[in-house]
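Colleague: What follows is each chain in one-letter form.
2 protein chains.
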Amino acid sequence: MIETSPAPQTVSEPTQRAAGWFARFEDALGRADAPAVAALFAVDCYWRDLVAFTWNIATVEGRDGVADLVQATAARVKASHFAVDGEATAADGITEAWFTFETAVGRGKGLLRLKGELAWTLLTTLYELKGFEEKAGGLRDKGAEHGVVKERASWLDRKQRDEAELGYTKQPYAVIIGGGQGGIGLGARLKRLGVPTIIVDKHPRPGDAWRTRYKSLCLHDPVWYDHLPYIPFPDHWPVFSPKDKIGDWLESYVKVMELNYWSSTEAKSASYDEGKKEWTVVVERAGERVTLHPKQLIFATGMSAIPNEPSYPGMETFAGVQHHSSKHPGGDAFRGKKAVVIGSNNSAHDICADLWEHGADVTMVQRSSTHIVKSESLMELALGGLYSEEAVKNGVTTEKADLIFASLPYRIMHEFQIPVYAQIAERDADFYARLEKAGFLLDWGDDNSGLFMKYLRRGSGYYIDVGASELVANGDIKLKSGVSVTEIKPHAVVLSDGTELPADLIVYATGYGSMNGWAAKLISQEVADKVGKCWGFGSGTTKDPGPFEGELRNMWKPTKQEALWFHGGNLHQSRHYSLYLALQLKARMEGIATPVFGQGEVHHTS
Amino acid sequence: MIETSPAPQTVSEPTQRAAGWFARFEDALGRADAPAVAALFAVDCYWRDLVAFTWNIATVEGRDGVADLVQATAARVKASHFAVDGEATAADGITEAWFTFETAVGRGKGLLRLKGELAWTLLTTLYELKGFEEKAGGLRDKGAEHGVVKERASWLDRKQRDEAELGYTKQPYAVIIGGGQGGIGLGARLKRLGVPTIIVDKHPRPGDAWRTRYKSLCLHDPVWYDHLPYIPFPDHWPVFSPKDKIGDWLESYVKVMELNYWSSTEAKSASYDEGKKEWTVVVERAGERVTLHPKQLIFATGMSAIPNEPSYPGMETFAGVQHHSSKHPGGDAFRGKKAVVIGSNNSAHDICADLWEHGADVTMVQRSSTHIVKSESLMELALGGLYSEEAVKNGVTTEKADLIFASLPYRIMHEFQIPVYAQIAERDADFYARLEKAGFLLDWGDDNSGLFMKYLRRGSGYYIDVGASELVANGDIKLKSGVSVTEIKPHAVVLSDGTELPADLIVYATGYGSMNGWAAKLISQEVADKVGKCWGFGSGTTKDPGPFEGELRNMWKPTKQEALWFHGGNLHQSRHYSLYLALQLKARMEGIATPVFGQGEVHHTS
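Keeping their order, the protein sequence lines are chains A and H.
The working numbering puts the first residue of the first sequence at 422, with every later residue one more than the last.
The working numbering puts the first residue of the second sequence at 422, with every later residue one more than the last.
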């Protein structure tokens, strides 16, 4: 009838070990004794810092890397008050400990893994700036000003006045271009930090970037992975959210978070005045030109914002409908028509399935191999431990899951992924055999590390199967694989093997270019080249050339162009990394010194 | 550096005592042995049941009351699996234990207080029906239907189709009249339970009932008290929410919870067919008549929906502006005008302050004494233990706070309140002295039990001071007290002491009638009289005549009119009791037997 679990009376042995390590670490750090700190780390070691020490998103490796970081930052950062949070755990020779700490200017938390007595991985993250804490919980605003004041402005008066002034008579500190989930989440964090911000988005309503996509689109990631900051989805929210439902959520979120969201607004150009340390951003708001002068400019335009428009001979002669996948409206209009979809990744599969559902005759043209994972398998085997109802029950909150994920260095992340995908390959062997039998070219990434590594390295090359693969396997979606497109004729697509595919519709599911294409488009090619390619980390695998750069290029951290930032990624990344980007912006607004450690060279321009 | 609190290795003595009591209780209940169950209770005892045993909201008193309840319900309810939840606590001779249990048809939780080995107060509540659990957490919908289906309808298609059908080609099971926070919260619970429901509201947008009130209005209750079900306010939400901000929240809430909310819709008439067990409800939706046939009809029209319009000689001759407080637009238009406000409760104070802020010359006419409490004192001394940041930190979640509050029987609730208000009187003695010096007539309720008892007994007679009292004390708001209105002249209000107050504006802050006035208005006077007065519980104090009825009249529970329900109260009550009303409706929809125990007679018709 009664269940209680006895808890330990004393601090556990793993906790003691971690606490001992932190005592030595704090002592050596306090003396800025780089060799002594380095000696606390294993020979193979990784220290990943999100803004707390480096004012950057950076990972150092090995004792030399640790020593460099300490040398450059310890005296200024003054990290202290390291304390193990809860009980540390030990398994397979690894001791794992959550911890909190302080710096001269902020408060942080992190995750340590010891091998024996030495650090193997260390994650340090900043979560708030002292004196600039978010006004939440006990610090929240009172709201009503009690007392009676002549001619007092109400909340609505003030809100309307602020909305009328910002961007016209008062300048925002930051402008975010792109009001999808990335721009909205970052905007919410900046709002809570009191950073005056305008989010610019071309669509009429927040959420339209989702609403305007093809009808059957749903999130391919499960709900536990997809929360925005501050207002989690209620607990009846479906596992895979339909696109219009996410659109409505985003629209409501913008409203209740009181974001300055300029819809129906298109950014036209931007230039930076190095002398005044200020941007000039020209936007067209509901047809009217407005010039903004923010101190910081953030592109949150999405990784899928600059379409790779292909160029095939004869395209201009095509008599039917042809467009890039990003402009595909859904299958309604193509009942009974012949459709050819060039490409074999997520969009290609979704669009093929949607066209088939609507009674089109569909052929997929697969030019190179693709990694396929069934959504259920991905959820159960790859995500379930961190993002699932089970995880929530086990105390792995979204915040904890984000930090655990962040604690795995990119250098070795694939090592954790390979066994997961080996398991998936075994579990779904029949499924893969049927796909191959239908002629589909499969791969698992260059090193068999699967989907998430492909996503991080190149942002492409995979499909999370929510049903279309079955149609490919059984021939309902016709397949031409291992071919390329050589020519477009008025009524057909010609392939490299000589096949002519009759076509009323051609969809080019040919992917997207790097986000720095936005800098080229709005600022200049020079600035785009100066900051270089976004995304990928130099893994030396297909479409992610080396050298190894340790972190995703240009994402959520300082770029080679002062005051220019890139924000994006999936819902999980947008949620988590928006925190660090927001803190970097807030620190600059408040005049806190933010010397950047570990900013590398630009190796690729696109 | 490391803090851990040792937890007990064994079950505590209070937990053992509570567990022992439940073992005996379950055993006696299982045998439907009414005397044996009664013998487990103290001579002075209270068992409050919210729907779990009684399909009613009912409190029984004394061993006879307990025996009655057991006799009538035990064999059918088959309560079992009583288990102490967490550790029980003991203080001042009282053992307190949270617990869970099951019935034949549902799952419940509750709170027990023992005096010695005998029950002093017992709260039992139902929180879900077996087989009809809300689809949340692990039971949530998948959302995307994986797999590919020809001509599949998207979420948006289905939503639009459902919206087009419901009320026209498909009938809702329930119609809620009134779409304020009460109707919305209940609508959300019914939505999660799969009960097809239409909420009818006359305003153009959800939240307008707040937006259209006077400009300076804020919630007088703090945020921790005000959450809606399922989506709590984010943790930066201000303590006292401005009216327009609440309006926006409600509007967003309706959207993301996907409620069938008919705005710009006015209910015109309703009648019940006892044979068909069905209502005919005529509404005018955006100018068009629609006839609905729900099985259940709920008035969520608010306690402040039927104005007490006064009738004074000469009113028809008044040359200025005169209206009931519910129609007062705010002070903007009355700058430099002479305003007389009849009344001295919440609305009167808020309106006087607002007029004064806008530069009107304001006189308050106080006809009888009023209870005043400063908002800060109310928060700190009366609410803080249950609804505050501190409470949240102490593990008193909103859900727990609601249950603790619900566990105090109305019969003895004032005993807990009197010392709180004695403390407030002492703490704010100077404030009260200044008010009295200005001529203001103060009271603390008939038995000095203060604000919340006044609210429960009569729903009027108080002001939560957010600043206006200071203006009364210092004379900025002029005061005439202990007088009544005898006549209205074209340019003046004449008082019983002969005073003539010159007036350009008269606001009648004269309160509201009982909610069954809505039944009179929409159904018939006969039905209104049959169900009788709403609210109050027969405390035998001013405006709440006896006999003692044990629970609030007609609220959230079956009335004497089959299939007619009243929902309302403040945000806390709407949130908490909407659960029990929703379960009662769901049970009826699913054909679960719901024999009602303890429905009393109607003693008052208005």
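Wrong hints could be hidden among the right ones.
The list makes no distinction among identical chains, and a pair is therefore deemed to hold if it is satisfied within one copy or across any two copies.
To be verified - Straight line, CA to CA, 20 Å or less: simulated EDC-like cross-link-like pairs of lysine to aspartate or glutamate: (1) 821 / 656; (2) 612 / 454; (3) 676 / 629; (4) 536 / 836; (5) 536 / 705; (6) 910 / 695; (7) 759 / 549; (8) 942 / 849; (9) 759 / 925; (10) 821 / 811; (11) 814 / 554; (12) 951 / 867; (13) 563 / 434; (14) 556 / 811; (15) 499 / 523; (16) 697 / 811; (17) 551 / 517; (18) 748 / 679; (19) 571 / 554; (20) 571 / 897.
To be clear, the hints were calculated from the coordinates, so they are not data collected in a lab.
Colleague: Now look at each hint and say whether the structure bears it out.
Modeller: Evaluated hints:
1. 821 / 656: Both: 18 Å inside a copy, 18 Å across copies.
2. 612 / 454: So residue 612 and residue 454 fail the 20 Å test inside a copy (39 Å) and across (61 Å) alike.
3. 676 / 629: both (15 Å within a copy, 15 Å between copies)
4. 536 / 836: So residue 536 and residue 836 pass the 20 Å test inside one copy only (17 Å; across, 61 Å).
5. 536 / 705: neither (56 Å within a copy, 72 Å between copies)
6. 910 / 695: For residue 910 and residue 695, the Cα distance exceeds 20 Å both inside one copy (51 Å) and across copies (72 Å).
7. 759 / 549: Neither, since 56 Å and 52 Å both go past 20 Å.
8. 942 / 849: Answer is neither: 44 Å inside a copy and 65 Å across each miss the 20 Å cutoff.
9. 759 / 925: This pair counts as within: shortest intra-copy Cα distance 5 Å, inter-copy 76 Å.
10. 821 / 811: Answer is within: at 14 Å inside a copy they meet the 20 Å cutoff, but 24 Å across does not.
11. 814 / 554: between (29 Å within a copy, 18 Å between copies)
12. 951 / 867: This pair counts as neither: shortest intra-copy Cα distance 29 Å, inter-copy 78 Å.
13. 563 / 434: neither (45 Å within a copy, 42 Å between copies)
14. 556 / 811: Answer is between; shortest inter-copy Cα gap is 16 Å, intra-copy 32 Å.
15. 499 / 523: For residue 499 and residue 523, the Cα distance is within 20 Å only inside one copy (8 Å; across copies 56 Å).
16. 697 / 811: neither (52 Å within a copy, 46 Å between copies)
17. 551 / 517: For residue 551 and residue 517, the Cα distance exceeds 20 Å both inside one copy (27 Å) and across copies (41 Å).
18. 748 / 679: For residue 748 and residue 679, the Cα distance exceeds 20 Å both inside one copy (30 Å) and across copies (29 Å).
19. 571 / 554: neither (31 Å within a copy, 52 Å between copies)
20. 571 / 897: For residue 571 and residue 897, only the inter-copy Cα distance (11 Å) is at most 20 Å; the intra-copy one is 72 Å.
Comparing the model with each numbered hint stated earlier shows that hints 2, 5, 6, 7, 8, 12, 13, 16, 17, 18 and 19 do not hold.
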